[in-house]
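Chains A and B, in that order, give the protein sequences. With the working numbering as the guide, the letters of the first sequence map in order to residues 450 to 936. With the working numbering as the guide, the letters of the second sequence map in order to residues 450 to 936.
Quick caveat, the hints were computed from the structure, so don't treat them as lab data. A portion of the hints provided could be inaccurate.
Identical copies go unnamed one by one, so any copy, or any two together, can satisfy a pair.
The calculated lysine to any residue pairs, modelled on SDA-like cross-linking and capped at a C-alpha distance of 20 angstroms, are [as the list claims (entries may be wrong)]:
no.	residue 1	residue 2
1	564	882
2	854	714
3	513	545
4	564	803
5	759	468
6	865	761
7	564	464
If you're wondering where the values come from, they're calculated on a predicted model, not measured in any experiment.
The primary structure of each chain is shown beneath.
Number of protein chains: 2
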Amino acid sequence: MQTKRTTVYRHTDLTRLLHPSSVAVIGASTRAGSFGERVLHNLQHYGGRVYPVNSRYERLGEQKCYPNIGALPEVPDCAVVTAPREAVEEIVVECAAAGLGGVIVFASGYAETGKDERIAQQQRLAAIARESGMRIVGPNCIGVVNAPLDMRVTFMDITPIPAPRKHAIGMVSQSGALGMAVAQAVVRGVSFSHVLTSGNSCDVDMADYISYLADDPSCAAIACVFEGMAEPERMLVAAERAWQRDKPLIVFKMATGEQGAAAAMSHTGSLAGTHAAYRAVFRRAGAILVEDFEALAETAAFFAKARPPKARGVAVVAASGGAAIMAADRAEQFEVPLPQPSDAVRDVLMTHIPEFGSARNPCDVTAQILANPESLNACADALLGDQAYGALVVPQTYGYAPSAKRIPVYDSLAAKHGKIVCLAWQTEWLEGPGVREAEESEHVAFFRSMPSCFAALPRVLHPANATRPGRQRLSLRLSIRGKRRRR
Amino acid sequence: MQTKRTTVYRHTDLTRLLHPSSVAVIGASTRAGSFGERVLHNLQHYGGRVYPVNSRYERLGEQKCYPNIGALPEVPDCAVVTAPREAVEEIVVECAAAGLGGVIVFASGYAETGKDERIAQQQRLAAIARESGMRIVGPNCIGVVNAPLDMRVTFMDITPIPAPRKHAIGMVSQSGALGMAVAQAVVRGVSFSHVLTSGNSCDVDMADYISYLADDPSCAAIACVFEGMAEPERMLVAAERAWQRDKPLIVFKMATGEQGAAAAMSHTGSLAGTHAAYRAVFRRAGAILVEDFEALAETAAFFAKARPPKARGVAVVAASGGAAIMAADRAEQFEVPLPQPSDAVRDVLMTHIPEFGSARNPCDVTAQILANPESLNACADALLGDQAYGALVVPQTYGYAPSAKRIPVYDSLAAKHGKIVCLAWQTEWLEGPGVREAEESEHVAFFRSMPSCFAALPRVLHPANATRPGRQRLSLRLSIRGKRRRR
């Protein structure tokens, strides 16, 4: 359904659209629940200039309202078209003629209906973009969020996204709802720079978004919920670009089966393609694939915090023998080495661990930490100091207030040793004490799932990632690149 | 490490231990952080009589303290021994002589150390139990919780567990920390009747606990975190007993690999056995195995709420096309049929769904529900009324306040049609609005993971489960039973 296009937009091609100094809201309104009202509401803290446009009003609340794009005091960088489908094309033509950088179209009822005239209608939008150089997001999308600008161009009743931290995630998704679903991790402290949804992608698509974020300084990793597209090779170009910039790209691919692929066609008019083909494309480009939607946010947050590894081995320290067993199970499953500590480190562990614990790896300090709370920290310090380990996994089996106080300790220990601590959250108190502290820490990664944690670790700790500053991919990946280049 | 024992205790064998009218706290104390102080604190709302026992005190706060078991005004049903290992054996002998129903031993340092004299020490405890008829829980355990009595015999700083609902889960675990970790789902509204931890299981073990809960009216399903045991056939007997009582048994088996098995030996002195062998044992007995620890609580809660199915098919209704695709993907993966609705139901759906949605199964009402909030409820009602469906899956992609109001609607619709609604929670706001309402509803099951949801559905909806009141197992299971009986 997308127009054939071989190039993938670069950051500068999309800057006016996605990082605008001014936004026009076409179809602005005060009617509660209308798209125009919702967008105006969501833009109230936006760092740029907002221009309500609606010929029916001279004012909207305290704001001046303009009859059309031509009446604005400047040519805005970006406009959002909240009008119904019937009115969209004329507005988009007008915006292109006025020289806007980009428009965002919410209206549905295009290619996703499968009807010929609606497909043609979408193709006309694509042609306007192609011929004018103005970029178009959508149609059939829920918009975009740029956290550094607090620009929320969406009709969703969206959770505000605070200014991004150093380890922020850039989120891209064809499905608006699923992109926003992941981004709601902000509620527990996960940092996001953008939520970019593409809907039917008549012009700007997932590949363009990834390319944009690859060159955007506000995110440290890119998370992607992906259905499919007409030209998978575009995704390869975008993923390559992210890889070149040392920006990890973490992908959840859906529409993996026949039923899902059929649903995707009716959802965003996307060709899902075979799951195997896409996996190959992403792997070849060094992207990290997650098998479960639930693993996306935590895996992306981990990669956003990871540093070049100092060793391939992983240490585990727990106050629960059961959790230590689960860690060992998953290490074996995902082929993560759990080497034993050096004699010197073992001696330190033995001074803190009772005889019925385990001064080995995995290390079990036992429930004795209730009587001796410092023992866990001392063991964590010793293990992080052992050159056999590139990361430390700390299963957290119980949520209670004192747990939260350990997080800054883990964070400073990880920083001191230049390594990362993975908090493997085992309690069903899903947002218990310590979760927010972990998400907000620069050197502590939060995993709700032990399998997700041990699936992600070898991707970061592989020796190939230590040879160059910044993040790299598996040597498997490097050799495939090498082969491709020799052709 | 366990004493060889062929019988599995029945409910009456364990009633005085697990549902006592009186509990003696041996080693009671007011020293902050001590086991004795913590247990007394946790028993403050217990519905029975508490007797602090410690020869060093005449009073503890406002309570009279007794010098020894013999000095109590009655023979208590149960005692908890908070003393260190060196003092345990003498106390246990004294309790047995006094005629107690059971004792719970916290002390560690027995068989899990791997030392011969400690193994012998544990075996002597087992011998006391065997010879006296007094039951012993532990050693090396964190205790037990009985929610109907609000009896919390544990030293953990435990989240209070409210009185169980009709769909309460009985939780059993060798690892105390992991049992409590699952039970912390109470924070979001999951109902539990018991948390029973067994530690080294010198006498009472996991099989006995399961047998007890099979006959206990306060739980509707049993959740089990299991490492391993010396005699797996005991687990088969217990699981059979649960099956006979139509009480679903949901098991997470850990120590699946070599490293994990080694850790299990050092944790509770358990023989992990091969994963495959245990899987066979559990499957043969009709238990439901989950592959991920995170799936245990939600799968058990689902089985606790499930009714005999009216059909094998599943309907999906979402306000997000992306979520509909993910549901279709997982239905295919787990071979759950998603039949199309009848013409009559389809006509109803079409009156509520815009042309760019999908009036099929999976059904996508689209973001139009923002403008027309009732459409989702109307579609849910129509789909639940279609005889092709035994259950309805509703993906929830976004957490915002109005979502919570839909839960009672789903609950009453499910009740009206005698079916279950599964809320597939896709947002990363893990405890957002609606989670508690769903957990507390009798006919709405909460799943944090779409794969867990579609893995569980066919176990409930299989036609074999409709032939007999109450819950049954897969026909696979029935045929295996048949074969076994013919031998």
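Checked hints:
1. Proximity of residue 564 to residue 882 under the C-alpha cut-off of 20 angstroms is found in neither arrangement, the shortest distances being 51 angstroms within a copy and 38 angstroms between copies.
2. Proximity of residue 854 and residue 714 under a CA criterion of 20 angstroms is satisfied in neither setting, with 48 angstroms inside one chain copy and 32 angstroms between copies.
3. Neither within a single protomer nor between protomers do residue 513 and residue 545 lie at most 20 angstroms apart by alpha-carbon distance, with minima of 23 angstroms and 86 angstroms respectively.
4. Only between protomers do residue 564 and residue 803 lie at most 20 angstroms apart by alpha-carbon distance; the minimum there is 14 angstroms, versus 71 angstroms within a single protomer.
5. Taking CA atoms no more than 20 angstroms apart as the test, residue 759 paired with residue 468 passes in neither setting, with 37 angstroms inside one copy and 53 angstroms between copies.
6. When the C-alpha separation of residue 865 and residue 761 is checked against a cutoff of 20 angstroms, the pair qualifies only within one copy, where the shortest distance is 18 angstroms, while the shortest distance between copies is 56 angstroms.
7. For the homomeric pair residue 564 and residue 464, neither the shortest alpha-carbon distance inside one copy (33 angstroms) nor that between copies (68 angstroms) is at most 20 angstroms.
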